[in-house]
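Taking the hints into account, I'd like the entire structure generated from these sequences.
Residue numbers (the UniProt record's numbering), protein chains in the order written: chain A, 1 to 236; chain B, 1 to 420; chain C, 1 to 385.
Since the hints were made in silico from the structure, they are not lab data. Mixed in with the good hints, there may be bad ones.
Only pairs whose alpha carbons sit at most 25 Å apart, straight line, appear in this in silico PhoX-like list of lysine-lysine [claimed, not checked]:
id, chain 1, residue 1, chain 2, residue 2
1, A, K224, A, K172
2, B, K309, B, K82
3, B, K309, B, K407
4, C, K217, A, K113
5, C, K217, A, K109
6, A, K106, C, K217
7, B, K82, B, K268
8, C, K217, A, K153
9, A, K153, A, K172
10, A, K109, A, K153
11, A, K172, A, K64
12, A, K153, A, K106
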Amino acid sequence: MTLLELEGVTASYGPVQVLDGVSLSVPEEGAVGILGANGAGKTTTLRAISGTVRAGGRITFDGKDIRGMRPDQVAALGIAHVPEGRGTLGDLTVRDNLRVGAYLRKDRKGVDKDIDYCLDLFPNLEERITSNASALSGGEQQMLAVGRAIMSKPRLMLLDEASLGLAPSTAKNVYDAIRRLRVESGIAMVVVEQNANLAFTLVDSATVLETGRNVLTGTSAELKGMDEIRRAYLGG
Amino acid sequence: MNRHSRSRKALGIAVASALAVTVTGCGNREDAGRSGDAAEGAPSPGITDDSVTLGITTPLSGATAGPGTCTVAGVTAYFGMKNAEGGIEFGDGQTRTVEIEALDDTYDPQQAAANYDQLKDEVFAMTAGLGTPTNRAWRDAAIADEVPQVLIMTGDPLFSDTEESPWQLGFVPIYQNEGEAFGELLASSSGNHRVAILSQNDDFGAGYVEGFKSAIEGADNIEIVDELTYEATDTSVDAQITELANSDADVFFNAMSVTPLVISSLQKAQQLGWTPNWFLPSNTSSPTAILEPGGAAAFPGIYSVSFSKAPQSPAFAQDEDVQTYLAALPQYGNYPDPPAFPHCQWSWMVGATLEQVFMEMEEPTRDSFMEALRGIEGFEAPLMLPDTSVSTTEDGQPAVSTVVVQKYNGRGYDTVESFE
Amino acid sequence: MASSPKTSSPKTSASKTSASTTSAPTSSATTSSASSFRQRPWVRWGAPLLLVAGLAVLPLVMTEGANDTLARIGVFAVAVLGLNVVMGYTGQVSLGQIFFLGLGAYVTAYGVQSGWNIVLVFVLTCLIPAVAGLVVALAAARLGGLAIAMVTIALPIVGVPLAKRLSDFTGGSQGLSARFVEAPEGSGLYDDQWQLYLVLVIGGIVFLMTSLLVRGKYGRAFAIVKGNENVASSMGISPYRYKVLAFTIASLIGGVSGFLYMVVVQYTSPETMSFGHSIELLVAMVIGGAGSIVGSLLGGAFYVIVPDVTNAIDPSLTALLQGALLLAVLFVLPGGLVSLPRALMRRLRRSPAGRGSAAPPTTPSSTPGSGTAAEQSETERQGHA
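This is the structure we're talking about:
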């Protein structure tokens with residue numbers, strides 16, 4: 001059962017065509033990676049899904065056409081975008097940042113429970129629960145951004161470069177937690193990642209973008225075996 | 001250490017603000033405003049056997065600070081001079097000095113009302129303040145509290161309506177007075193004249209035009225050939241000037257209060273080759289600030305109105321009034337420079353007029369003061385031009401309702417008797 | 001913002017109680033005892049009751065001048081509060097707040113002069129500025145960024161000549177007087193006392209409702225929009241809608257302040273809404289403390305008291321003195337006057353070397369003591385490990 005489907009998606013920033021027919025299929029509870037060099041269109045693909053850039057082509061979520069919807073409408077359907085650079089609210093405490101994620105939810109008890117779950121998933125956050133988000137380290141901010149996305153109880157999470165700027169051990173911690181989340185919650189994921197090694201610890205399949213097009217698509221196992229992938233993204 | 005002193009400063013400010021709430025209230029303990037008038041014949045607030053205090057609220061900072069400062073300086077200088085001579089003998093036989101208490105309202109009606117509230121129980125009367133909205137803001141309150149609000153600097157006719165404003169009186173001519181003076185001069189001319197009118201679309205412009213039209217009513221020799229308006233916010237009136245130029249009028253009645261627009265109008269008319277006789281309101285007729293940059297020499301006549309002598313004019317260099325005034329202004333009025341606005345002269349005249357009132361006032365009460373104020377007729381205050389005077393007996397007119405028409409002579413103005 | 005003072009997990013809440021009962025290191029002992037003091041029911045209910053009682057008596061015992069000053073503070077505190085909703089809480093620069101005060105004042109003056117029922121006048125004084133604000137916001141909020149600021153600059157700049165021109169409604173540049181608030185017969189009150197009561201009651205309700213608003217769900221949405229519009233979108237919050245909502249509420253509150261302006265000043269003219277006053281309101285908001293209810297009160301006090309104080313010092317130097325005062329406050333307290341207690345507290349706490357600085361006492365969420373409590377639990381755990 002397919003949850004998210006992209007077909008021939010195009011997008012441009014002014015005169016620059018960034019996406020030139022991207023296709024992607026994410027099954028229910030599945031996780032798909034998007035690999036590629038800088039400027040290949042990975043982040044833009046996520047933005048096209050979340051409605052933060054105007055896109056052409058077809059984007060369906062749960063069988064419903066979502067292309068052209070406003071970001072808040074897309075979010076309301078259950079798609080949580082964890083943007084690059086995290087976008088935590090620095091003036092708010094960790095707890096309030098988490099509550100922000102649950103903004104559209106009405107079940108107070110469930111919210112409290114999910115906050116506990118997030119803190120269990122990211123023990124670092126529990127220690128900083130009343131600190132302002134601006135006082136957190138990069139890794140903690142990334143955890144907070146993921147936690148906030150969890151709080152919206154999404155069916156699909158869009159993760160953009162979750163390892164960016166983090167020390168390798170921290171990045172691994174973050175990915176370990178996300179993998180645990182995936183197993184325990186069944187949230188489907190689209191994972192954009194420069195570090196393909198990390199990505200392959202999380203996703204079942206992946207697609208490689210070059211100048212806004214799919215050039216390769218396969219399961220993690222298939223892709224890991226390919227020489228060109230090794231050379232380009234796996235450091236040898 | 002630095003931080004320490006810093007936050008102490010902050011604390012100081014906080015304490016000062018807190019104190020201020022109490023301080024601003026404390027002066028008014030007497031409850032005079034609440035309980036209405038005091039017993040018959042008992043002295044009003046702000047007057048003792050040897051002094052009387054007058055209050056002024058006027059803009060002393062902001063865009064109108066220039067004329068506002070003058071409204072304080074003139075009257076302060078006048079009474080400073082009188083105090084130095086020993087004071088003024090009042091109608092009740094006491095000799096008193098006159099103190100001035102002035103507050104800044106920044107031309108904000110709300111602040112003017114607050115200033116009034118602060119002053120009303122300390123001063124005997126309010127006077128000389130500049131501005132229509134700033135005086136209107138507390139007019140009702142002054143009536144309710146029976147506090148005189150007199151000889152103020154506004155052309156708003158409301159303040160000169162005795163029935164509506166029993167405790168008020170304006171000092172300077174209302175807009176209608178100015179328009180009327182020029183209309184009368186024109187109507188008395190022997191020739192026929194075609195008049196074009198351009199006025200500001202508000203009560204200022206309407207007042208001038210109303211006065212002008214009332215004066216030429218029934219005069220067969222005057223014909224209004226075209227009449228246009230503009231908005232005070234317009235940045236150009238070239239279109240209006242072009243249309244009016246086509247009317248080929250020989251007289252242009254221009255009720256305009258915006259300095260740059262007057263200059264550009266003068267220039268535009270010259271470009272079009274239209275050089276009528278031109279009338280300007282008193283507040284936009286400055287030779288140096290407007291007429292020279294506008295190239296006014298090209299016109300056969302630029303007319304305006306006035307009631308006060310121009311202290312810088314060589315014609316009055318030997319004038320005794322002017323010499324006394326120019327000496328007193330820096331010495332007693334804390335106004336070091338030569339007066340830049342006519343409001344300084346007007347304020348000086350307010351002082352002289354109040355002196356007359358004080359001399360007639362038989363009891364140290366606000367009632368007696370108002371009675372004496374309303375009885376002045378034909379008082380030629382110092383610095384007044386011949387044929388103008390202070391008269392307070394006519395209802396509906398401010399203290400000064402007579403103005404003389406003057407004509408630009410290339411440097412300053414000369415009074416004219418007839419329109420050629 | 002997060003209203004429930006519940007702590008995150010049994011672990012921390014348990015150690016929190018232990019922190020306040022068992023002997024804790026001196027640095028946090030003061031804060032936890034202070035917070036438990038604040039949490040006692042009689043303090044939580046008693047303090048506001050005491051405040052209300054105090055405000056109820058105040059007009060009766062103060063001088064007329066003090067009553068009048070306090071009433072004017074109320075007027076501008078409400079105006080600053082409205083500005084805070086759109087700017088302090090939602091982060092949208094508005095330079096047009098005075099326009100809505102002026103509009104409210106004109107609606108009130110016109111309604112009173114036309115002899116309309118005063119309740120109807122009040123309702124219109126809320127509605128008309130709110131609708132005007134809504135229309136402006138629908139257009140401006142779409143533009144985003146500084147465009148809103150530019151559009152709002154235009155409001156007072158257009159408002160003043162418009163008020164002069166529509167003289168049938170506004171009295172032109174001579175303005176409108178409306179002396180309509182007189183103490184009811186038999187109440188035994190002076191007019192100034194009655195006016196202050198009106199300001200306290202109406203202003204108090206506005207403050208109460210606004211503080212509920214900004215602490216509730218909408219307030220959280222405002223804060224998210226202010227913090228990061230993209231995050232807001234990704235949480236299902238339309239930044240556009242909430243900006244429009246905040247602006248509309250700010251305009252409504254501005255209208256109410258215009259009504260109060262007429263209660264106290266009883267006169268309005270085009271000068272009332274001149275652009276300079278809009279800037280002064282903004283300055284008052286920053287000085288009082290942006291994004292703060294108490295800061296709005298302090299801002300109103302600043303707006304009213306400073307001109308009186310500078311007048312008392314030297315009326316010919318008011319502008320200079322006000323500028324100097326503004327700079328002084330901004331240098332010493334960049335967070336506004338409302339941050340004064342926090343700044344003092346921080347300095348007090350700094351003296352004995354402790355680690356109690358993590359939780360500023362006015363953090364908008366959770367209980368004041370929980371920050372130190374959480375840290376406490378950490379040290380304890382380490383201690384027992």
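Hint check, failures only: Hints 7, 11 contradicted; others consistent.
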